[in-house]
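Peer 1: So the chains spell out like this:
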Amino acid sequence: MDLATGLAHVDWSRLQFAVTAMFHFIFVPLTLGLAFIVAFMETIYVRTGDEYWKRVTKFWMKLFAINFVVGISTGLIMEFQFGMNWSNYSWVVGDVFGAPLAIEGIVAFFLEATFFAVMFFGWDKVRKGTHLFATWMVAIGSNLSALWILIANGWMQYPVGSHYNPDTARLEMLNFWEILFSPMGIIKFLHTVGSGYVVASLFVVTVSAWYLLKKRDTVFAKRSIAVAAAFGLITSIFLAGTGDQSGYIIAQKQPMKLAAMEGLYDGERQAGVVAMGILRPNVKPGDGQDPFWLEIKIPYALSFMGYRDVNAFVPGINDLVYGNAAEGIIGAGELMERGALAQIALAAYKESVKAGDRAGSEFHRMTVAENAPYIGYGSLEKPEDIVPPVGITFYSFRIMVMLGMFFIALFGAILFLLHRGQIEKYPPFLRLCLLGLPLGYIAAQAGWVVAEVGRQPWAVQDLLPVHTAATSIGAGAIQISFWIFVFIFVVFFMAGLKVMLEQIKIGPEGGK
Amino acid sequence: MEHLLLQQYWWVILSLLAGLLVFMFFVQGGQTLLLTLAKGEEEKQLIVNSLGRKWELGFTTLVLFGGAFFAAFPLFYATSFGGAYFVWMAILLCFVLQAVSYEFRKKPGNLLGAKVYEAFLFLNGSVGVILIGTAVATLFSGAAFSLNEYNLSQWHNDLRGLEAAFSLFNVSLGVAVFFLGRMLGALYFINHIDAPALVERARRSVLINTVCFLPFFLYFVVALLMRDGYAYDQVTGLVTLESFKYLDNFLAMPIVLAMFLAGVICVLYAVYLGAFAKSSAGIWSGGVGSVLVVMSLFLNVGLNGTAFYPSYHDLQSSLTIVNSSSSHYTLMAMTIVSITVPVVLGYIILTWRAMDKNKLHHDEIKDSKEAY
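Line order of the protein sequences matches chains H and B. Counting from 1, one number per residue, gives the positions in the first sequence under this note's numbering. Counting from 1, one number per residue, gives the positions in the second sequence under this note's numbering.
So here's chain H without its partners, still in its complex pose (with noise of 0.2 Å):
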């Protein structure tokens, strides 16, 4: 504990990771989407001959540049954080997540780093056929990495295919297309990626509204506008769709966390979609308040997005904390029992081990195995510990629905303005065009809010909870470090930010 502030070592961890992540993810959404837009602009290059084309495409790579190399090193943080701060986790599920992040590294990063120095450098140095072929080959290499990296982070909301070794006191691959294939990793997979090709047309939407605005590089920023709004309207509708699915797969996997999304405290059936609220502040777990003083709700919506059933239950807070055995669920209490009948026959097997006792020792191998998917329950104080902040969630989803939302629209608009030739003539919804960049990158972190803070308390769900996942560390260490970064991060996004203005207002046809 740090006497200073009163936060733990893992704290100070679980909030350098945290910041870390976010600041990673404000480069990567804009490196998975305009990797693609440069690489449509490049085709188009490519199939028509036409100049300016290219021009748009090296002003637009220019950015996506400045914008990799910021988010490549801080994905080398995250990795190297991984085992400074999380040692115990990267030994308990080393055999499982270490695998994801090496192939990345083997057929992703490679991918990417490799053709960067052609897709920069190469313009006069090899076939425009090559060129085009480099380029398409960096957007893919990218989005290849995205896949290993939610894989892993798939597998740790819902570790499937993978089994509780008492020999080696950890978690070990049973089945990597399981994991690969998991349906919560896919689905994160498809659900990240279109948020990066949103923000990313947000980005292109954003800078081009300002070039029309300041009535400059009209035909460029047109031309720019129109590649990023279709992709912009097709992936954000997209975007919904998997959104949709991701409801579906929560509700089944990580009841917890959509509870937690809903601020749904008591199960219900024919349960609704909570579309505005306002929370209570200080609900507790079991103290029957109502948990809003304002809610509208969208009628048995939350029943057919969890369960395609409109009539079905959906367990809230109190059901998964305290059980409900009227819809057989089993509370949280019941399964700390289990964990820690898992943990003390995890101790007894490894004395039998010792001591040759091979009865024994089988007997309790059996009992660490009946009881090892709920080993993590084990190292909770008291039930109440599996709830996750409600209020962070609740508001966070919500932020990044609406803002979904209203992106649907505003690519709609875009495009049925630029189909009737009339987009310059209103200064107004330009301006608004200019928010779009800022509010996809609020809207994105928020949903990294939902997906990661949702599922607390756990690193892995129902395996491992975060507090015995760090490293065993004094608080002034990662004290220590958390503000390094924190400068490092100000530095950076001051330093990328000012770089990048300048470029755009230099605009496609100066610049360095």
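These are calculated hints, taken from the structure and not from any lab test. All values derive from a computational prediction rather than experimental measurement.
For lysine to any residue, the following SDA-like pairs were computed, each having C-alpha atoms within a straight-line distance of at most 25 Å:
#1 K54/B x W123/H
#2 K359/B x V126/H
#3 K350/H x L238/B
#4 K382/H x A340/H
#5 K354/H x L238/B
#6 K58/H x P108/B
#7 K214/H x G412/H
#8 K369/B x I506/H
#9 K505/H x Y441/H
#10 K44/B x A197/B
#11 K128/H x N358/B
#12 K350/H x V235/B
#13 K253/H x Q456/H
#14 K425/H x A409/H
#15 K54/H x D367/B
#16 K58/H x A114/B
#17 K369/B x V116/B
#18 K369/B x W210/H
On the provided structure of chain H, position chain B as indicated by the hints.
Peer 2: The following block gives chain B in isolation, referenced to the frame of chain H:
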């Protein structure tokens, strides 16, 4: 496939990656030569742009090296990164600075100014590389950790890894790698840049850095061969200190010894090509030599019943490729994926050749909007 064979396979892969990483340190070495080798802005631009087309490959190799260690030997990742906290923190900081420095250095509106980014590049190439070499030396000299019965680690030195920097043995490897990087950097410039005066200076630099490299390298090698090593019994897993263990390992594995000797010869031949024969091919001989030497050192410390990350605090907590690896299934899955490595190497070689058909001349970058 037998589990031990898979563990050995992944140790060989990691050894190869370590060798390739050190070869790619020509970028870091080149960065440290920026301020001394270049006379004037034009030559500086040439150096930065020459290295700037390769830095991502080195960065990616580092990321893959870390990822492969995590996946294949997660107990090392957990024990060393979490334990030697401040060393890894310092290494991380040095490498994080590299990526932005190339991109931002000369861009209009860059916040910190070109000189600061050049200082970042120097820091990355000097402190970063020395620290990595120092950290790698602890694979031979050991560290102060212990493992509990659940394999969760505890570090037993308040300096959290910085204590490694107080050992001459450890630091000598770090400094040797630093000068090797500079040699390779100069050899790369000779091969890649079309600027006779700069190339001439690079040839002198090869020689000077070789002279600086040799005492540290020789000290490290002699000390290594003379020191006690951490052996483990391949049946009981018991770890014991054994005299001349690393010398014995070389003698017990003649192929590894041959790799080491061939590597040293290749590096010396590269120096001859670069400094005396006026050839531009030294980087290839130097690269192959570096890969062979580093690989052979890693193979020495990981194979033949040797603990590759020993604990001098608690011998029985020492890590071996047997007790620290991933499960058979995971190693097998990754082995199948590793079949793609030749494809990766293939496209890297093809694109490298396509991009480097002609040497880099100032005319190519002076009006380029893409140049760093």
